[in-house]
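Peer 1: If you want the building blocks of each chain, they are given just below.
2 protein chains.
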Amino acid sequence: MRISELSRESGIPLPTIKYYLREGLLPAGEPTARNQAAYHEGHLARLRLIRALTSVGKLDLGTIGELLAAAEDESMPMPALHEAVSESVCRFGPCAADADAEVGADVVRDLLAEFGWTVTPSSPSLRMLSRTVSVMRQLGCDADVSFFRPYAAEATRAAAAEAALPAPGSVISERMSAVARSILLDAVVLSLRRMAQESCAATPVPAGEALHPVGVSEA
Amino acid sequence: MRISELSRESGIPLPTIKYYLREGLLPAGEPTARNQAAYHEGHLARLRLIRALTSVGKLDLGTIGELLAAAEDESMPMPALHEAVSESVCRFGPCAADADAEVGADVVRDLLAEFGWTVTPSSPSLRMLSRTVSVMRQLGCDADVSFFRPYAAEATRAAAAEAALPAPGSVISERMSAVARSILLDAVVLSLRRMAQESCAATPVPAGEALHPVGVSEA
Numbered sequence: 015m016r017i018s019e020l021s022r023e024s025g026i027p028l029p030t031i032k033y034y035l036r037e038g039l040l041p042a043g044e045p046t047a048r049n050q051a052a053y054h055e056g057h058l059a060r061l062r063l064i065r066a067l068t069s070v071g072k073l074d075l076g077t078i079g080e081l082l083a084a085a086e087d088e089s090m091p092m093p094a095l096h097e098a099v100s101e102s103v104c105r106f107g108p109c110a111a112d113a114d115a116e117v118g119a120d121v122v123r124d125l126l127a128e129f130g131w132t133v134t135p136s137s138p139s140l141r142m143l144s145r146t147v148s149v150m151r152q153l154g155c156d157a158d159v160s161f162f163r164p165y166a167a168e169a170t171r172a173a174a175a176e177a178a179l180p181a182p183g184s185v186i187s188e189r190m191s192a193v194a195r196s197i198l199l200d201a202v203v204l205s206l207r208r209m210a211q212e213s214c215a216a217t218p219v220p221a222g223e224a225l226h227p228v229g230v231s232e233a
Numbered sequence: 015m016r017i018s019e020l021s022r023e024s025g026i027p028l029p030t031i032k033y034y035l036r037e038g039l040l041p042a043g044e045p046t047a048r049n050q051a052a053y054h055e056g057h058l059a060r061l062r063l064i065r066a067l068t069s070v071g072k073l074d075l076g077t078i079g080e081l082l083a084a085a086e087d088e089s090m091p092m093p094a095l096h097e098a099v100s101e102s103v104c105r106f107g108p109c110a111a112d113a114d115a116e117v118g119a120d121v122v123r124d125l126l127a128e129f130g131w132t133v134t135p136s137s138p139s140l141r142m143l144s145r146t147v148s149v150m151r152q153l154g155c156d157a158d159v160s161f162f163r164p165y166a167a168e169a170t171r172a173a174a175a176e177a178a179l180p181a182p183g184s185v186i187s188e189r190m191s192a193v194a195r196s197i198l199l200d201a202v203v204l205s206l207r208r209m210a211q212e213s214c215a216a217t218p219v220p221a222g223e224a225l226h227p228v229g230v231s232e233a
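Protein sequence lines, in the order shown, are assigned to chains A and B.
Mapping to the working numbering: the first sequence position 215 is 229, numbers consecutive.
Mapping to the working numbering: the second sequence position 219 is 233, numbers consecutive.
Don't read these hints as lab results, they were simulated from the structure.
Fair warning: this is a prediction, and the values are worked out from it, not measured in the lab.
Treat the hints with caution; some may be incorrect.
Identical copies go unnamed one by one, so any copy, or any two together, can satisfy a pair.
[Unchecked claim] The calculated DMTMM-like cross-link candidates involving lysine to aspartate or glutamate, where the alpha carbons are at most 20 Å apart (straight line), are: (1) K72 x E101; (2) K72 x D114; (3) K32 x D156; (4) K32 x E44; (5) K72 x E88; (6) K32 x D87.
If we strip away everything but chain A, and leave its shape as in the complex, we get (with noise of 0.2 Å):
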């Protein structure tokens, strides 16, 4: 298809799609005639992937263009890739420094030993999970590791899940794939708690209830 017929396609302006080119974050079309160029699914797929990154991932394009870089860079082991998303999305805004990492790295280092979670020691996940416990002392909330350790099993389940989700059978290859729903599923589970605390403010859990998971009971 034409470039006009790619921009009526996916509901992108045309300038924005050559911007998207210029910025070498889609790749350009098949040359048919001198400024011609013929695009197809693949270009189409891109461009979705490109939207769904920047409107509910909230990414720059310098971030996607660097992740889709990683994902279509199949020298990088997959858990490298992994590594990338966490550096995309385990930013901090200012003032970071505030947070001490270290006071947190006792709920990071009990987790990772009782989940035998293997991850590189740099990952900027480590860093965001002992940032955060250590900005939650530093307001007085002091949750011991087993607060977190539902949280844990929750995100291990997920990533089982998530990584056994079928293959979109689409023109986006798996790797690609992989990185944009992990993505999107964080805006589905932000978008979940929201729902189940709004509801659970209006319909408060009895108090001795609360640490029973959805579904189990005493017998």
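Since the structure of chain A is provided, determine the placement of chain B on it from the hints.
Peer 2: This is chain B only, laid out in the frame that chain A set:
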């Protein structure tokens, strides 16, 4: 304490504190002399809270001001306060109009019915979930409601556990710490998701086991 001590104690530069005072994010101190005021533990706690919401929550100061005002407005019921949190967190980047919320509305409807959640129909959390599901479908990832169910179950568990966390026992009000907790635990959840994904990619779980939650095996 004087404003210079407040700055030293909090590690926040004096000009920043003065800016927060001008913007009304930090309440004025008690006037002691011309151009002097006394600040107390409440101011220090408030500064830490603002820092937590900027660094970990990555919220802008305008949004933080709105959230703090909502938390202080005791006449606002708790569900409305949580909806204000949703309003701040469930935001999309540019181009979100591409995602037709109607396309993912079935997942939202099914989960609301199944979990019996009470959520205001106008809540941004509902819109965010349906839009995200819509974007996933656009990308060819057509997860059905059974895929989302365990995420919703965990959100229910977490909301109850978070609501049951003991009050920090500090000068931060219960409402204020509910807001901070909700947002800080988003960062906990996201970093744990990354850790589990990195680990899962390093040591993939056989596909047949992927659907069972951790610790549960068939007898």
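Peer 1: For each hint given before, does the structure comply? Return the numbers of the non-compliant ones in rising order.
Peer 2: Violated hints: 3, 5, 6; rest satisfied.
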